[in-house]
Structures are given as structure tokens and as C-alpha cells.
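S.K.: The residues making up each chain are set out below.
Protein chains: 2
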Amino acid sequence: MAETRQVWAEPLEDFCVQVFQKLGVAEEDAQITANVLVSADLRGVDSHGVARLRRYVKGIRDGMMIPRPEEKVVTETPVTALIDAGAGLGQPVSHRAMEKAIAKAKEFGAGFVTVRNSNHYGIAGYYAMMALEHDCIGMSMTSAAVLVVPTFGRNAMLGTNPIAVAAPAKNERPFVMDMATSTVPRGKLEVYHRLEKPLPLGWATDENGTPTEDGKRVLDNFKTQAGGGLLPLGGAGELMGGHKGYGLALWVDVFCALLSGAAYANTVYPKTADGKPLPSAIGHFFGAWRVDAFRPVDEFKASMDDLQQRLKNTPKAAGEERIYIHGEKEYEVADDRLANGIPLNAKVAEDLRAIGQELGVEYDLG
Amino acid sequence: MAETRQVWAEPLEDFCVQVFQKLGVAEEDAQITANVLVSADLRGVDSHGVARLRRYVKGIRDGMMIPRPEEKVVTETPVTALIDAGAGLGQPVSHRAMEKAIAKAKEFGAGFVTVRNSNHYGIAGYYAMMALEHDCIGMSMTSAAVLVVPTFGRNAMLGTNPIAVAAPAKNERPFVMDMATSTVPRGKLEVYHRLEKPLPLGWATDENGTPTEDGKRVLDNFKTQAGGGLLPLGGAGELMGGHKGYGLALWVDVFCALLSGAAYANTVYPKTADGKPLPSAIGHFFGAWRVDAFRPVDEFKASMDDLQQRLKNTPKAAGEERIYIHGEKEYEVADDRLANGIPLNAKVAEDLRAIGQELGVEYDLG
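Those protein sequences? They're chains Z and P, same order as listed. Just so you know, we're using the numbering used here here: the first sequence kicks off at 1 and counts up by one. Just so you know, we're using the numbering used here here: the second sequence kicks off at 1 and counts up by one.
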């Protein structure tokens, strides 16, 4: 296990808020962004938590992320909207987009908002989960940096394009599916590389488009753009359903990028005022459906409990002890980390301290 | 290759219409059902075409499918509705539900209809594709007979629960994703069994929940309900993402069964008037989003063309010659079968002839 520092969610979030404000981000936007990041750490999705703070700091300093963007609603109907994020941080605009989708769902039964000209928005599940307290089902998708090869292709043309769906239950925890449409995200290759473990065939391809066990080669190829990349869910070819993962990734691009006007398949769109390309140019899609627009909430939630209990209580495969519902592991980690603190990777903790020093924000987290 | 009989779509469809009418199905419903079935044959999804006519005949005769059901709208809001299918055929109610979703999308920007108390609805993609001519994006999902094991589970608790999404393009063909959320459908096991080929590990498990190459064993276990079943997309365990396929299947159950009040995870709901359980008790979910509720249709369609061209023209993996867009293979098969006829399996042709004789419908298809 890597060395860790135990930190508490609240001061960690406060620290991030101050960092973003020092970089010129408005207070509300800083709070939202910090909350999304620390929520990832609480839920055990460490790859999407404060470990990414440096990337946001760099993104703002490089001008790729505008700290106070001109965010505007481009199109709006009773149940839909398109927002241009003005190349700002992905989190604040996504929070507002999901709030808008929920408000529309509460008034009309369902609501959908696409966002273009945005940046990395953190964990997809965060926004889907915003619907839960309103007795709505939430959905969130995002396009992402191009790392995934299409079925039978040699080069990456798609992002890891996650899909998240959250649905409320009664006494059980909500169902929270939050999945990249690739077999694994890039971070998983980095973990295997550090541990010097060969990759399972079906995770990634080399520069010829051939499945490989050599994680270092794939990671190096990303840097030199030599070809190859992550494989869609289902792996290479069609035998194990790789074309299905590829289809899911394309669907996410259609909803997040093509419906909004964001980048897709290595296009770069749009540009900054001075003609500089914005390599992120990310698009998102948010949706909310009000449960009682279909069925009484109590009946639905009772069924959600029953479904979960049936699944958990069904016999286990040989050698297995437990069947999980999506989101359950993350809720359990969050309970533990709220009670006992977040075990922050020591290198990440050092980097936060360095960011604090650079920006004059006190780092007193341990 | 199995022996085949070349038949034409039009007389084949007429034959099916007459069969359904002889069984007491109203003319419009018979026409819709026949059209959905023959569309599957045209698109090359032979497993979901007229090869299933016998099952519908039997379903109606056994009282599991009501030929003239009392179909009613249970709940309706501007953009949502819940329809009770009255245990009728799945196709006619699904056609009407999707038409309702499209009408709502045209008026308000998006529309969603769930259906409960229904039966097998044929190919999921058919309904999603209905949105295309209205410049809408269509979605269709259905719950299905329980054949799929949850991750770490021993017994089947989920259906193959397909998801279909269709989006229009300009000069290119529409994007039509239509995928079971299991690695493969049951039919694929039957094909491998007939060819005496071992199953790839990751398709199915034996009665202990252990991945197996023995297709006969899995198929026998289905009949005797001995346990095991199909694996979700991503295979067994979590290493290759099996929990993601499991999550997608659960999502489909939440939208199709829990939001509508249909059966899920081996529940059986509701019963017929005389208390007989309806083992199908299938639920569906249909959605439509109007493209121009987000972005001008021309811009969207031009991007859809560009996305497809970029994907098709990107370098191929070693040994591969072509990258496909979802739906492309099926459109090409349909072009061929419209021009040259449908190569109907000889056994299926014989069975159609037998059905015709039983019901007094002339079978003159060759």
C-alpha cells in the first residue's frame, strides 16, 4: 500500500475552495468544484478527487480553463436546454445544468440539459445523485479526452465517456451506477504498471491495435500519440461484445458532444477568442425524470428495496460471498471516511501543500 | 450453412398479419406486429423475426398473450406516460407508446413512456428508429425473461435487457445501437452448441456460477432451472468490467420494470383475472428527444456524418479492414434482402407452413 495521510473532508474542501478563489474562481463556483472533488475522495474514487487539483490549477494558469467564464443558455425549451460553459471549470456549470434539469423535471416530468465548451467535470455520479433528494432519477454523461479505440480501429477516437444513473430507494441505499464505457480507465493501467503486473488482455491495445499485456507501452504510446489505447467495455473485436462498449461510448458522444456542439473523435471545437484551440472542449449531458410522473414514489421505492434485497440474498457463485448493488461500495467507503478521515496518498498530500505554498493558502491538513 | 428458402418481405408480412388476425388480434395490431417481426428478418436479426411466430401463436393460445387486450394509459404528464398493456402482444402497445413519446417530444422537446403488463416486443431498435423520421433521437429498452446472473451471483436474476438508441444523420445512415446488456443472447449459445464449439469463457456460467465452455450444460440448466446463466457484458467478476454489464441490466430493470410496475428479478406481477400468473409480465421504456430542442438539426446531422466518416477513415487494427458504425451492418443486410429476398431457414419456413395449415391461412411463400 502507498503511504497515506489521514485528512478530514471539511478542511480539505475548505482548502480547495481557497485555492480556486486564489486562482480567480468565484466563491460559489469554487465551493461547487471543491465539493465535487472531495466527494470523489469520500466515495473512494481517489483518481477523480483532490489528486486532480494540480490539473485544474495548471488548466486555469494555462488559460485552458477560464476562472470566470461567460456561461450562457444558448437554447431552452420547457424540458431541454443547451448551455455554453464559456470554457470554465466543468463542475460549476454541470451543477447548474443538473439543477436546471431537475427543476424542469419537477415542473414537467422530465428535464435535459446539454453543455458544451466545458472542461473535466469530475465524477459523473455526483450530478446523477443530485436528483435523488427530489425523488427523481438522475442521469449524467460526459465526453472525455480521446483514449479509447473503436472496435477494429488502431487509434484512439473516443473518450472513456462515462454514464451515470441514480435512482432512489426507500430503506436501502440508492442505485448509483457510474461507469466508464471502456473496460477500465487509464488510471487502472497506471496502477498495474506501478505494481509491475501484466495487463489482462482486453484492457488495452498496442500501437498496432493488438491487445497487449504491456501497460508501460500503452502509457508511453499515449504520450507520443503512437496509436493504440484503451479498449471499450467488452474488449477487442466483437467476440466478447467490444462493439457494445464502443456503441455506448458513441452514444455518449452523440448526447454530450454532437447534441451540444462540443469536440468529438479528435475534432477540436470551439476556439478561444484569440483563435487558440481548446483541447478539452468537453460536452456533458444531464437528465432527470420525476418518479411520480410515471408511478407513485412509495411504490417505486418499495420495489427498489425489494429488487436490491432479492439480488443481495440470491445464492452466490462458487467462491464468492457477496453480491453488490451499484453505489453500495462507494456509500460504505464514504461512511468510513466521514467517520475516520480520508487516507490521502502522501504524494498527493505533498502536492497539495506545494499548491498551497504557491498560492499563499495555508495547508494545515496533516 | 443451414438450408434456406428465399422469401419476400411483403408476402411474408401479409402472411403474419393473417395469422394474427385468425388468432383474434385486431387488424392494426396484427399489422404492427407483423411489421416488427419482418423488419427483424430484413435487418438480419433472424432470432427475433418470423422464427418467433410460433411462440406468439402459442402465447395467444395459452392465454399468456391477450389478442384484444384492454390497453390503458394509467398516468400521463406533458412529457411522460405509463401504459398498462393489458397482457397483450408487446409490439402494438410499444408502437403506440413510442408514437406517444415522439408526439410529446415534438410538442415539448422530449417524451417518455413506460409500459407494464406487456410481452416480448421484438427488436428494441425498431422503436428507437421510429424517432428518426421526426428528427428526434429515439430510445427503447425492455425487461426480458430472466437468464442473466448478477456479478458474483450463481442464479439468473436479470433479463438480457437490451438498450437501443437511434440518432439521425444527413448523408450517412443513422446511428442505431441495439444491444443486449449480456455478453451474448441465449441464441448465440444455441448456435455454438449446434456447431459443437466450446463457448468463449465470459459468455455463461454453469450451475455453480463458474464460467464454462459447455454450452449444452448452460442450455440444459435453463430448462431445469438448475442455476447459472448468461454473463453480463464484461463477463464474470469485475476484472473485465462484468459489474458494468450488470449495472446496465439493472438500469434497464429500473426504467422498464420498477418505473412501470412490471416483473423484475424473478417476481411475477401482475396476475390474470382468474389469478393465473403471467410469467412474461414484461415492461418497456421508450424515449424521444427532439434534436432542435438542443441544437439546429442541420448542424447536428452534419456532425453525425462527420463523426461517422472520421471513425470509418481512421487506421484499422492489424488484420482488420473495416470499422463499423452501429446499425450499418443491419442497413446493408436490409438493402440486400429487400432486393434479393430473405433467406428463411428451411425449418422456420416449414413451421410457418404448419401454422398456416393449423389456422387456415394460405402459405404461398416458396
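Quick caveat, the hints were computed from the structure, so don't treat them as lab data. Accuracy of the hints is not assured; some may be wrong.
Copies of one chain are not kept apart here, so a pair can be met inside one copy or by any two copies together.
As the list claims (entries may be wrong) - Only pairs whose alpha carbons sit at most 27 Å apart, straight line, appear in this in silico DSS-like list of lysine-lysine:
# : residue 1 : residue 2
1 : K188      : K106
2 : K170      : K22
3 : K312      : K223
4 : K312      : K100
5 : K72       : K106
6 : K188      : K170
7 : K329      : K347
8 : K329      : K216
9 : K316      : K223
S.K.: Take the hints in turn and mark each one as holding or not.
M.R.: Now for the hints, and whether the structure bears them out:
no.: 1; hint: K188 to K106; verdict: neither (39 Å within a copy, 43 Å between copies)
no.: 2; hint: K170 to K22; verdict: neither (42 Å within a copy, 47 Å between copies)
no.: 3; hint: K312 to K223; verdict: between (43 Å within a copy, 24 Å between copies)
no.: 4; hint: K312 to K100; verdict: neither (35 Å within a copy, 37 Å between copies)
no.: 5; hint: K72 to K106; verdict: both (22 Å within a copy, 24 Å between copies)
no.: 6; hint: K188 to K170; verdict: neither (34 Å within a copy, 38 Å between copies)
no.: 7; hint: K329 to K347; verdict: within (25 Å within a copy, 49 Å between copies)
no.: 8; hint: K329 to K216; verdict: neither (29 Å within a copy, 36 Å between copies)
no.: 9; hint: K316 to K223; verdict: between (42 Å within a copy, 20 Å between copies)
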